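Protein chains in written order, with the numbering used here: chain A, 1 to 281; chain B, 1 to 281; chain C, 1 to 281; chain D, 1 to 281.
Treat the hints as calculated values from the structure; they're not laboratory data. Quick caveat, the model's predicted, so the values are computed rather than measured. All C-beta atoms, glycine included, are put in the ideal place defined by N, C-alpha and C. Wrong hints could be hidden among the right ones.
Unchecked claim - Capping the alpha-carbon separation at 30 angstroms, the derived lysine-lysine pairs in DSS-like fashion look like this:
hint, chain 1, residue 1, chain 2, residue 2
1, B, K196, D, K248
2, D, K41, C, K57
3, D, K246, D, K143
4, D, K152, D, K140
5, B, K71, B, K57
6, C, K248, B, K107
7, C, K246, D, K248
8, A, K158, A, K179
9, C, K248, A, K196
10, C, K248, A, K248
Unchecked claim - Here are some, though not all, of the chain B residues that point toward chain A, as calculated from beta-carbon distances under 7 angstroms:
hint, residue
11, C10
12, Q13
13, V17
14, P193
What follows is the residue order along each chain.
Number of protein chains: 4
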Amino acid sequence: MNRHILIMRCRDQAGIVARVTQYFYSIGANLDTMDQHNSGKEGDFFLRAEFSFADDKSAEEVQNGFRPLAKTLSAQYHIYDKAEKLRMGVLVSRNDHVLYDILYRWKTGEWNVEIPWIAGNHEDLRYVADMYGIPFLYVKADKNDRSLAETKILEIAKDTDFLVLARYMQILTADFIGKYGRDIINIHHSFLPSFKGANPYRQAYERGVKVIGATAHFVNEDLDEGPIIEQMVERISHRDLEEDLKHKGKNLEKLAMASAIEAYIERRILRYGTRTIVFSD
Amino acid sequence: MNRHILIMRCRDQAGIVARVTQYFYSIGANLDTMDQHNSGKEGDFFLRAEFSFADDKSAEEVQNGFRPLAKTLSAQYHIYDKAEKLRMGVLVSRNDHVLYDILYRWKTGEWNVEIPWIAGNHEDLRYVADMYGIPFLYVKADKNDRSLAETKILEIAKDTDFLVLARYMQILTADFIGKYGRDIINIHHSFLPSFKGANPYRQAYERGVKVIGATAHFVNEDLDEGPIIEQMVERISHRDLEEDLKHKGKNLEKLAMASAIEAYIERRILRYGTRTIVFSD
Amino acid sequence: MNRHILIMRCRDQAGIVARVTQYFYSIGANLDTMDQHNSGKEGDFFLRAEFSFADDKSAEEVQNGFRPLAKTLSAQYHIYDKAEKLRMGVLVSRNDHVLYDILYRWKTGEWNVEIPWIAGNHEDLRYVADMYGIPFLYVKADKNDRSLAETKILEIAKDTDFLVLARYMQILTADFIGKYGRDIINIHHSFLPSFKGANPYRQAYERGVKVIGATAHFVNEDLDEGPIIEQMVERISHRDLEEDLKHKGKNLEKLAMASAIEAYIERRILRYGTRTIVFSD
Amino acid sequence: MNRHILIMRCRDQAGIVARVTQYFYSIGANLDTMDQHNSGKEGDFFLRAEFSFADDKSAEEVQNGFRPLAKTLSAQYHIYDKAEKLRMGVLVSRNDHVLYDILYRWKTGEWNVEIPWIAGNHEDLRYVADMYGIPFLYVKADKNDRSLAETKILEIAKDTDFLVLARYMQILTADFIGKYGRDIINIHHSFLPSFKGANPYRQAYERGVKVIGATAHFVNEDLDEGPIIEQMVERISHRDLEEDLKHKGKNLEKLAMASAIEAYIERRILRYGTRTIVFSD
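With the hints as extra help, turn the sequences into a complete structure.
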């Protein structure tokens, strides 16, 4: 059975689900799962469905077949082949924990993803890339002129479907984000919107919070302001000094990032302005 | 707008959602929310939908209108008027926390429910019923002959839609359960299936667990074995003695019971053998 | 046995615990529990101990007896009689959930506290005070001149040990805080420092966070900036609209506030600059 | 500064903490942290302290120096050099996730531990051992005669301080446990005491629980009955089939095992009958 994923968005209106499911029924597709979301007062409607055929229609054929209905609904949509492997570029600096966690999940087949390369603005993690047999590219960072490094990254990122910043400590410029034009997922080591910017664990320690967190989010032009995909939290106490927060936070960062990447790979995330819709797995 | 709730169950088959949503569309109903669940290998399908009409059809009319489709699908179903207020009988013994929590939620209008009476096998909580202006009935427990007490409860329970056991420490007989014939929700003060029966906090303390829990479940003939609706858990440590577990557990019991009752009132729970399907709110 | 609580703070130095415990031993006191905290690089030391005597020394006597040792250590300290009942004034506006929760815990003896009065800038919750037999005082709010209301509150608050703001939606002036001179605990319906000020659930909804929270904190002159005592969090999803956040947040607000008040009553909270030390129960 | 750890256990009695801390003070040791626990009605007392000297006394010297005081208190005790690296043997079968997590924490220096070997009753994970440069020993399992495999493991385990069973699916015999004579930590993929034995995720799915868990515990002669060290839990729903529980449970198993091993390495765990005391980090 050939499995496909439909992602669709339109204005809320009568009969959307009836028409969409009727369409699947009419072409002999089996509806495996379906999730929908109505935004409430804004009047926007979102739908994600997995469906399968006995014959092997390509995603493109199905994409074309759905067009007339989408037009009727004034819907934006895309149909993906579920078996298609996304290509994920990974950017790092010196922190190793998120990278190790990503590579474990890739290596053991937990994720249906390819990692064509890992790039870092330090050489520290080259050995990890080597252990896993993935090309590592050193991209020197220059605070006064980011364009050189970003040009290099854009070059190697051409063949990727999305990028993840696995504790990459450089700020990507609006120019880079625009030119890349695809999704970039970052992990920030705080419970956003608290403690944006540098040293969030120090900020958390100094503010005296009783819970810490980590946030995986899409990168946009405003630092740590992109749509949030996933957040993980853990209780702490006065006994936890800044270094303890860093230590405990590592697990949160790994879990939040892994959850976000998994949702992304499974096409479960829809952007919605400053927010995201993340359908359940 | 008149809002209704459809609960439906049938064997999985092609076109269920298409046909059901098409039906709503055809009668001019607006589909407000819909959740479905496919059990996987067992091949069972469950659906819950909220829909509304501009005109004021009764739940009965809608129930009848849906019959032909249900027959085609060999589906069991029921349609409820969302505005209908369920009548919930409450049984207690001496513990006050779950009762107080239930009454607060009822009193402040958090729940669309009526509480015609509170019955107890002790007089201890009569004062709480009095505070809230609800009739309290003392039902003497007799361990050697439960029939007297149970007959009394059956009598007053005639006009109820379901019962909740808010830390009612008497075991209901199979005879009672059969004769009542409607749903009974119990709160057990452990993370079932661990620590069934008496003194679960003592059992938990003696076993040395690091997390405690509370479980809201449907009552069936096997003690603490009915389908689980909700579970809440909290970390503990070696510092927590049995009395600390009791103290900390109170919050869990209240939250699990409140969550279960809310789901029940909103018709979000479907029984499925030894399990439950609890659709999201 | 007469039980006392020692709270002590000094600069870290050799032999503190040895000298303090030696002192208790020398006067025949039994050390029931002891917790200490070393702040790390700042070099501050905090200690809380519960101890008991067979004879009935007053807290004052013990307080005096401890003085020479405290002087040697240059320590600030206080000794409390554990049986002493604190007097807690409660301020409310229109939201009822935190008030109900506080009154339940007071009424059922969960907390060793007195509630001499409840004051509100609306009449809405007078009926709750009446149910529990506690005097209710209406204190009209005037945005242009807060002094009138605050003078009234100061007057009735004379005989209290601390105040709790149970969703009191008026801002207390620096003048009030200074004149009252004792502790004031507020519950803010967000995960501080995120979403300070008005409408935190709306802010949370608009930012699209995946976890919401509630924060109990000491009130100081900066709005929502006082030392944090307790925070509770819960996962949410895109399905949760602003009103769902409000609904789910109620449980968090109740739990965070109850935990903070309990810690306060048990003398487990020590202020430390912008932070708090909250010893375990 | 040379840092040591004291672990001590005795009957509760007046002046324990005073005498122990006085002793440290008298020998010029700085008390860095101290935790104590009083079991309550059983009358047992437990203490863990970290202390340091300017001069480099060996753990043995300090161990001897403490003897007279321990004798007075009728205390069992041990003093460890905090810098000492424990040697941890790792047993695996086919599941890779716990092994990967352990190796990551070892490799990146998160844990002060040596891993002299990994042994498996399958060859599947040899490649992981190879990636990390650790010897892998294949130990064939024979269900009818466990003695051969266990003799081999005992032989290589001679130089280890403790063993961890990283999803090792063979049952160790009482004979092995007795002969090894040191601690063995297992991870069981359920919230014990629920779902002992085989296929806990299937059991959990069939029972319809709403929360799943993982438990790290000491191994004793009764299967899945040893003292619990750590438990991690996560909410699930009816949407989660058995394979989803397995997938979600992996994170819990890794976190529970990592937390238990970290506590073990830091000498924070004291066995107490069927329970454990795990002092905070």
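Results of checking the hints against the structure:
no., hint, verdict
1, B:K196 <-> D:K248, "holds, 26 angstroms"
2, D:K41 <-> C:K57, "holds, 25 angstroms"
3, D:K246 <-> D:K143, "holds, 25 angstroms"
4, D:K152 <-> D:K140, "holds, 10 angstroms"
5, B:K71 <-> B:K57, "holds, 21 angstroms"
6, C:K248 <-> B:K107, "holds, 18 angstroms"
7, C:K246 <-> D:K248, "holds, 29 angstroms"
8, A:K158 <-> A:K179, "holds, 10 angstroms"
9, C:K248 <-> A:K196, "holds, 26 angstroms"
10, C:K248 <-> A:K248, "holds, 27 angstroms"
11, C10, "violated, 14 angstroms"
12, Q13, "violated, 10 angstroms"
13, V17, "holds, 4 angstroms"
14, P193, "violated, 26 angstroms"
Hint violations for this structure: numbers 11, 12 and 14, all remaining hints satisfied.
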